[in-house]
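Peer 1: Sequence:
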Amino acid sequence: MRELIKDLWAYLRERKKWWLLPVIAALLLIGALLILTSGPAVAPFVYTLF
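Just so we're on the same page, our numbering is the position in the sequence shown counted from 1, plus 17.
Because the hints were derived from the structure by calculation, they are not lab data. Be aware that one or more of the hints could be misleading.
Simulated restraints on C-beta separations [as the list claims (entries may be wrong)]:
1) I52 to L21: 30 to 40 Å
2) A27 to T65: 20 to 30 Å
3) A42 to E20: 14 to 24 Å
4) P61 to L29: 34 to 44 Å
5) A43 to M18: 13 to 23 Å
6) D24 to L46: 28 to 38 Å
7) T65 to R30: 32 to 42 Å
8) I47 to I22: 12 to 22 Å
9) L21 to T65: 14 to 24 Å
10) A49 to L29: 14 to 24 Å
Think of the CB as a built atom: it goes at the ideal place given N, C-alpha and C, for glycine as much as any other residue.
Hey, can you work out the whole structure from these sequences and the hints?
Peer 2: Spelled out as structure tokens, the structure:
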């Protein structure tokens, strides 16, 4: 996992693809939200956000 992050950061720095950072951050947040909503105790609180 650490190598993937290093390679991704090196790619972004080398190719000047800074516009990809918000896309990656949004995907990570959506993934975390999906993982958190899989638990039944947290689900009612997440539904109020939308």
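Peer 1: Work down the list of hints and note, for each, if the structure agrees.
Peer 2: These are the hints, each one checked on the structure:
1. The beta-carbon spacing between I52 and L21, approximately 18 Å, falls outside the hinted interval of 30 to 40 Å.
2. The supplied range of 20 to 30 Å is broken by A27 and T65, whose beta-carbon atoms lie about 40 Å from each other.
3. Checking the proposed 14 to 24 Å range against A42 and E20 shows it holds: the Cβ atoms sit about 20 Å from each other.
4. Checking the proposed 34 to 44 Å range against P61 and L29 shows it holds: the Cβ atoms sit about 38 Å from each other.
5. In this structure, A43 and M18 meet the distance hint of 13 to 23 Å, their C-beta atoms being roughly 19 Å apart.
6. With their beta carbons about 21 Å apart, D24 and L46 fall outside the hinted range of 28 to 38 Å.
7. At roughly 39 Å, the beta carbons of T65 and R30 sit within the given window of 32 to 42 Å.
8. In this structure the hint that I47 and I22 lie 12 to 22 Å apart at CB holds, the actual value being about 18 Å.
9. L21 and T65 have their C-beta atoms about 34 Å apart, which leaves the hinted 14 to 24 Å range violated.
10. As the Cβ distance of A49 to L29 is approximately 21 Å, the hint placing it in 14 to 24 Å holds.
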